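Novice: The lines below spell out each chain.
Protein chains: 4
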Amino acid sequence: MKALVYLGPGKRVLADRPKPVLELPTDAVVKVTKTTICGTDLHILKGEVPSVATGRVLGHEGVGTIEEVGAAVSQFKRGDRVLISCITSCGRCENCRRGLYSHCAQGGWILGNRIDGTQAEFVRIPWADTSLYRLPEAVDDEQYVMLSDILPTGYECGVLSGKVSPGSTIAIVGAGPIGLATLLTAQFYAPAEIIVVDVDDNRLDTAKRLGATQIVNSTDGRATDAIVELSGGRGVDAAIEAAGSAETFDLCQSIVAPGGVIANIGRHGKSVQLHLEKLSSQNMTLTTRLVDTVTTPMLLRTVLAGRLQPLWLVTHHFKLADIASAYDTFAHAAESRALKVVIANGRS
Amino acid sequence: MKALVYLGPGKRVLADRPKPVLELPTDAVVKVTKTTICGTDLHILKGEVPSVATGRVLGHEGVGTIEEVGAAVSQFKRGDRVLISCITSCGRCENCRRGLYSHCAQGGWILGNRIDGTQAEFVRIPWADTSLYRLPEAVDDEQYVMLSDILPTGYECGVLSGKVSPGSTIAIVGAGPIGLATLLTAQFYAPAEIIVVDVDDNRLDTAKRLGATQIVNSTDGRATDAIVELSGGRGVDAAIEAAGSAETFDLCQSIVAPGGVIANIGRHGKSVQLHLEKLSSQNMTLTTRLVDTVTTPMLLRTVLAGRLQPLWLVTHHFKLADIASAYDTFAHAAESRALKVVIANGRS
Amino acid sequence: MKALVYLGPGKRVLADRPKPVLELPTDAVVKVTKTTICGTDLHILKGEVPSVATGRVLGHEGVGTIEEVGAAVSQFKRGDRVLISCITSCGRCENCRRGLYSHCAQGGWILGNRIDGTQAEFVRIPWADTSLYRLPEAVDDEQYVMLSDILPTGYECGVLSGKVSPGSTIAIVGAGPIGLATLLTAQFYAPAEIIVVDVDDNRLDTAKRLGATQIVNSTDGRATDAIVELSGGRGVDAAIEAAGSAETFDLCQSIVAPGGVIANIGRHGKSVQLHLEKLSSQNMTLTTRLVDTVTTPMLLRTVLAGRLQPLWLVTHHFKLADIASAYDTFAHAAESRALKVVIANGRS
Amino acid sequence: MKALVYLGPGKRVLADRPKPVLELPTDAVVKVTKTTICGTDLHILKGEVPSVATGRVLGHEGVGTIEEVGAAVSQFKRGDRVLISCITSCGRCENCRRGLYSHCAQGGWILGNRIDGTQAEFVRIPWADTSLYRLPEAVDDEQYVMLSDILPTGYECGVLSGKVSPGSTIAIVGAGPIGLATLLTAQFYAPAEIIVVDVDDNRLDTAKRLGATQIVNSTDGRATDAIVELSGGRGVDAAIEAAGSAETFDLCQSIVAPGGVIANIGRHGKSVQLHLEKLSSQNMTLTTRLVDTVTTPMLLRTVLAGRLQPLWLVTHHFKLADIASAYDTFAHAAESRALKVVIANGRS
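Chains as they are written, first to last, in the working numbering: chain A, 1 to 348; chain B, 1 to 348; chain C, 1 to 348; chain D, 1 to 348.
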């Protein structure tokens with residue numbers, strides 16, 4: 001089969017690889033019909049994710065059709081249409097039993113990382129019963145690809161951790177795909193004001209279109225004042241960090257109201273300054289979270305009910321044969337105006 | 001001043017009464033600009049609320065302008081536009097300190113009940129600092145009258161107690177003003193399905209217009225089956241009782257899913273059967289609540305932000321001089337198609 | 001092997017039965033070393049539980065040693081010492097994923113009910129990975145038998161549902177094994193007052209010894225007054241129903257404070273009167289719950305840490321060969337003063 | 001009257017000052033019978049708290065007797081015995097109404113800071129109804145002084161923010177008075193392991209006596225390894241920072257388990273490094289909190305019920321006339337082995 005293989009920093013190739021087979025009775029093999037690219041994949045290609053070995057098939061998002069299941073898989077059978085979660089959950093370790101799937105003793109984020117991933121024609125999914133989700137018939141696959149990672153990430157790490165609630169004032173710092181996924185799912189809770197911050201006017205326009213009540217371009221270095229003013233001088237109830245830089249983390253610290261939350265979504269490559277000299281008396285909560293995808297069933301229901309429109313995040317389409325172009329488009333988002341790119345398996 | 005006075009079962013009169021004066025330094029006197037009638041007022045008139053004495057000025061909802069404040073009132077001054085909460089909260093007893101304003105040791109529901117109320121030109125408000133809410137300038141009063149009672153009631157006793165959450169399936173049993181207030185505020189939480197049940201097709205049409213995803217006319221006695229089917233056979237996550245009868249309470253018991261909530265909003269005149277022979281293994285929660293109005297500031301923010309449209313609940317308008325007609329219209333809602341009627345003080 | 005078999009209302013026999021075998025790759029077979037009898041077993045013997053067929057091996061509590069595991073069992077191997085949960089949880093259905101194991105689509109309470117149970121030398125446990133818990137080496141089995149059902153039941157259905165919290169005042173109505181398990185685990189939360197109610201002075205003495213701060217014998221019909229007085233006239237924050245009768249449920253309704261909780265643990269054979277004419281304005285929560293055993297790992301930790309002493313619930317010991325005597329002793333608790341009886345497999 | 005007056009960095013004097021008088025109808029004047037010294041008072045004396053002006057009477061803890069109340073005070077009268085909260089709460093601003101008394105628009109920590117404090121014979125308490133708590137008759141004052149600040153601080157900022165729960169493993173970093181107050185109140189929740197860390201063996205011995213299950217002297221720089229080992233390799237569910245230094249904050253970051261909480265109690269003079277390069281995928285929560293004293297009524301109940309022994313924190317006693325010695329003893333705790341020192345008003 002065709003698969004996108006990581007060959008070390010800066011190098012990837014669409015190569016022929018053997019079709020995966022069942023290794024354990026709890027495995028399934030899924031024929032991938034649609035996949036996408038995550039910002040994390042770009043970090044991997046820069047050589048910044050040491051757990052990814054040379055030769056790894058990349059990708060941790062996707063939808064597809066069950067090709068084969070192990071003897072202990074009880075929830076799925078050949079032919080079922082499924083959503084692949086970016087997080088593999090064994091469902092039986094202590095962390096899985098308390099909803100902390102991201103720290104599953106036998107799973108977590110392993111797809112396209114410690115085991116071969118979804119940017120391929122087929123993928124082996126361990127612990128299939130608790131790592132796949134059944135899709136309804138007769139609906140287009142594309143929107144569900146957004147449920148593999150980006151929507152649960154925005155919702156769990158941003159909206160739930162940020163305790164977004166009706167009537168509250170929140171700021172989302174970063175209007176890339178993750179920030180916009182946060183913006184879409186924050187609206188489940190009717191906040192009074194959603195202030196979106198970025199340096200790219202194009203992305204801010206998109207944010208406005210997707211529900212931001214205020215947008216702030218932080219290029220001029222005056223975002224703190226602008227946001228505090230927009231919040232009536234009080235600061236924001238939730239400052240959601242969706243960019244992953246020291247500067248944006250700092251901005252979040254300067255705008256959070258007493259009693260508020262800083263919800264950090266982004267991965268950070270190095271330590272940051274935490275201003276306890278100010279914040280230690282601010283009754284503040286700061287959260288970090290690798291997505292658990294515990295909310296995937298609930299997000300599926302909101303999509304089916306028409307309360308969430310994942311397609312608003314999709315800007316470009318490619319065939320698997322053209323995945324190199326997909327990567328180029330996604331990596332140069334400022335020029336291409338790309339949010340999420342969907343890659344279809346040409347033979348499906 | 002003119003005031004609507006209760007003269008015993010079945011009897012009310014618009015009479016001249018002395019303008020109220022400050023009695024304690026924590027009091028305010030408010031000039032009422034708009035008020036409304038509550039279903040509870042009809043119960044009082046039927047003689048069903050023994051705490052209401054003959055001679056009482058009725059009404060516990062309204063907006064107005066501060067006429068005078070006591071020496072200990074620090075949050076308001078003459079001329080401020082204010083919302084009057086149906087619940088008087090001293091802010092200092094143990095129940096108030098824990099948010100249980102409805103059981104305030106020195107307040108609770110006393111307006112138009114144990115002390116004179118708002119269906120008058122002026123009203124004395126005890127514990128003004130913690131029982132009134134400042135209104136923004138230059139906005140029409142009318143929508144705010146809906147925040148005195150009905151919207152916090154639907155929200156607190158129905159939506160919050162019912163733990164309505166994104167992707168959930170809920171049923172609201174009763175599409176009168178309270179049920180519709182529940183319907184409007186339930187949408188703060190993006191439930192997947194909102195099934196509204198009533199016996200009046202006109203009210204069900206209104207529910208559909210205000211956001212119900214499904215409507216069920218229960219006249220045929222088959223509502224249980226219909227709702228269970230609409231919920232995919234599972235039952236509803238929240239069954240919200242907004243009608244106050246034994247039959248509707250029974251319906252709630254028959255449709256709640258394992259792990260779900262029955263949120264009872266209605267007052268009940270007598271005991272009901274609780275089907276513990278079935279429910280004791282259903283991991284169910286049943287709640288009752290007299291509104292606390294702790295969420296009034298938050299609801300005000302959602303109105304200001306345009307996330308909540310209180311005017312959708314208002315169907316008729318009257319002058320205080322015509323309050324008798326207002327009562328007749330409200331009391332015969334099936335014919336008049338009345339939801340909430342707003343009564344304006346003619347001189348304001 | 002020897003097993004206690006139900007032969008229809010009033011009839012049970014210790015008989016020879018074939019040793020159970022693995023049926024699915026997710027099964028384990030456990031050699032039972034200790035088991036016990038539950039009040040539910042008495043109801044079964046009275047013919048009150050229609051789901052139990054003639055020929056069924058009874059029992060849903062126990063500890064033992066893994067005899068054999070299916071190919072898909074990853075958490076246990078032959079020889080492991082394990083605690084058997086009274087609730088079988090597949091770990092992969094929607095209810096299991098949200099912690100509602102009692103309503104597992106493929107499990108729930110099935111042991112000694114829909115499939116053969118633990119009052120036998122061996123038992124087959126479906127979904128072993130998520131229905132068994134590993135026990136530490138070199139500790140006596142006996143105390144852990146109390147973790148199969150009675151302690152998680154008291155804790156989840158009484159203490160957690162009752163929201164017992166530091167400084168609160170609670171009443172536990174019923175001082176049988178379930179009530180006492182509630183009493184032991186309620187002390188995790190340092191309530192100020194724990195009032196235990198029963199009609200049996202002997203059980204009340206035990207309650208006093210196990211941590212009750214007040215005891216009330218309700219034989220004289222004046223328990224309501226006594227409890228309200230003990231709570232300073234306010235009523236109790238949590239009224240925990242651990243007896244399962246209409247009278248005790250009624251008592252709970254009469255003593256719950258505004259804002260309080262009635263946590264119903266007992267199964268009820270028929271409907272009860274719910275006094276909404278009083279309670280609908282009391283901001284009350286009423287809960288029912290079939291134990292989920294989601295807290296079993298946490299309870300194990302408290303036992304290991306010495307924070308919980310399960311042996312305080314054990315009064316009598318028998319061999320499996322004498323299980324008939326064990327049943328008699330347990331069924332006549334008023335005379336025998338039995339709480340929980342432990343039954344050892346004679347050959348272990 | 002006599003009062004301890006701050007005269008600039010390093011300078012304090014017991015001086016004669018006019019007895020305070022009522023300034024607003026919501027004020028009370030309290031005759032102080034017992035007070036104490038807080039670590040914050042030492043910071044003030046070092047000139048590290050710029051809000052404290054020269055001439056300020058110090059102290060924010062104490063119990064006493066009502067001397068006089070303003071016309072709007074309804075909860076207290078002359079002669080009532082009261083506990084003075086270190087946090088002044090108006091009870092009517094938005095922050096007070098949501099329990100964030102520390103950020104009261106008209107109060108917060110003002111005693112001995114922005115207005116004259118409790119280390120004096122008399123003190124004026126603004127917003128008396130919502131800043132004082134009634135004490136029962138005929139009980140010794142001394143233990144209640146511990147409820148003004150240190151016990152609610154340990155409980156709210158450490159135990160509640162740290163989400164300490166039954167069966168959990170927690171570490172308290174710092175065994176000074178705040179750390180020990182945290183230790184006492186953590187036991188409300190039956191954690192399985194309470195590891196206390198300090199550099200002073202004497203304080204660690206005290207911790208052991210007051211309930212620590214493990215103690216770690218961090219002098220050797222190997223505390224991280226020791227704690228991780230004590231937690232079974234998993235890290236702690238709550239790392240409670242009760243020392244206020246960069247080193248101890250760092251230790252907390254290195255021992256928190258995935259899904260755990262760092263609860264920062266200490267004030268910090270400067271920013272610290274936050275290791276997001278590790279923590280951003282650890283699903284961690286970090287909290288800061290200035291005590292709100294919302295739990296004071298509940299803590300009072302636990303003391304009255306004998307569930308909490310505040311006197312365990314008191315090591316030394318002085319008369320107000322000897323407050324200079326009290327400060328010296330408290331400031332040199334390593335030598336004096338002082339925890340909390342109680343200062344009695346000589347004339348009471």
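Any given hint could turn out to be false.
[Claimed, not checked] Listed below are several chain C residues computed to face chain B (Cβ distance under 8 Å; list not exhaustive):
no.	residue
1	T213
2	Q214
3	M284
[Said to hold, decoys possible] Reference listing, derived: stretches of chain D covered by chain B, where coverage requires no fewer than 3 residues with Cβ under 8 Å from a Cβ of chain B:
no.	region
4	70 to 77
5	87 to 95
[As the list claims (entries may be wrong)] Computed Cβ-Cβ distance ranges for the label pairs, DEER-style:
no.	chain 1	residue 1	chain 2	residue 2	range
6	B	L42	A	T65	45 to 51 Å
7	D	D201	C	A321	32 to 38 Å
8	B	E137	A	E335	46 to 52 Å
9	C	K319	D	P297	52 to 58 Å
10	B	L42	D	G306	41 to 47 Å
11	B	P136	D	K163	48 to 54 Å
12	A	K163	B	K319	33 to 39 Å
13	B	L7	C	G232	19 to 25 Å
14	A	T65	B	P136	25 to 31 Å
15	D	K163	A	D205	38 to 44 Å
16	B	E94	D	S254	48 to 54 Å
17	B	L14	D	P297	43 to 49 Å
These are calculated hints, taken from the structure and not from any lab test. Model, not experiment: these values are computed from the prediction. Quick reminder that beta carbons are idealized off the backbone N, C-alpha and C, glycines included.
Novice: A range of 33 to 39 Å was offered for this pair. Does it hold for the Cβ distance of A:K163 and B:K319?
Specialist: The hinted range 33 to 39 Å is violated for A:K163 and B:K319, with Cβ atoms some 45 Å apart.
Novice: Check whether three or more residues of the region 87 to 95 of chain D sit with their beta carbon closer than 8 Å to a beta carbon of chain B.
Specialist: Check passed, 5 qualifying residues.
Novice: A range of 46 to 52 Å was offered for this pair. Does it hold for the Cβ distance of B:E137 and A:E335?
Specialist: holds, 47 Å
Novice: Quick check on the hint: C:Q214 CB to chain B CB, less than 8 Å?
Specialist: For C:Q214, the interface hint is violated, since the closest Cβ of chain B sits about 21 Å away, which is over 8 Å.
Novice: Verify the CB-CB distance for B:L14 and D:P297 against the hinted window 43 to 49 Å.
Specialist: With Cβ atoms ~45 Å apart, the hint holds.
Novice: Against chain B, with CB atoms and a cut of 8 Å, does the hint on C:M284 hold up?
Specialist: Holds, because the Cβ-Cβ distance from C:M284 to chain B comes to roughly 5 Å (cut-off 8 Å).
Novice: Between B:P136 and D:K163, does the C-beta distance stay in 48 to 54 Å?
Specialist: Given about 38 Å between the Cβ atoms, the range is violated.
Novice: How does the region 70 to 77 of chain D fare against chain B when you require at least three residues with a CB closer than 8 Å, holds or violated?
Specialist: Check passed, 5 qualifying residues.
Novice: When the nearest CB of chain B is found for C:T213, is that gap smaller than 8 Å?
Specialist: Violated, because the Cβ-Cβ distance from C:T213 to chain B comes to roughly 21 Å (cut-off 8 Å).
Novice: Given the range 19 to 25 Å, decide if the beta-carbon distance of B:L7 to C:G232 lies inside it.
Specialist: For C:G232 against B:L7, whose Cβ atoms are near 40 Å apart, the range 19 to 25 Å is violated.
Novice: Is it true that B:L42 and A:T65 lie within 45 to 51 Å of each other by Cβ?
Specialist: Roughly 60 Å apart at Cβ, these two residues miss the hinted range, so it is violated.
Novice: Confirm or reject the claim that D:D201 and C:A321 have a C-beta distance inside 32 to 38 Å.
Specialist: Because 57 Å falls outside the window, the suggested range is violated.
Checked against the numbered hints above, the structure breaks hints 1, 2, 6, 7, 10, 11, 12, 13, 14 and 16 and satisfies the rest.
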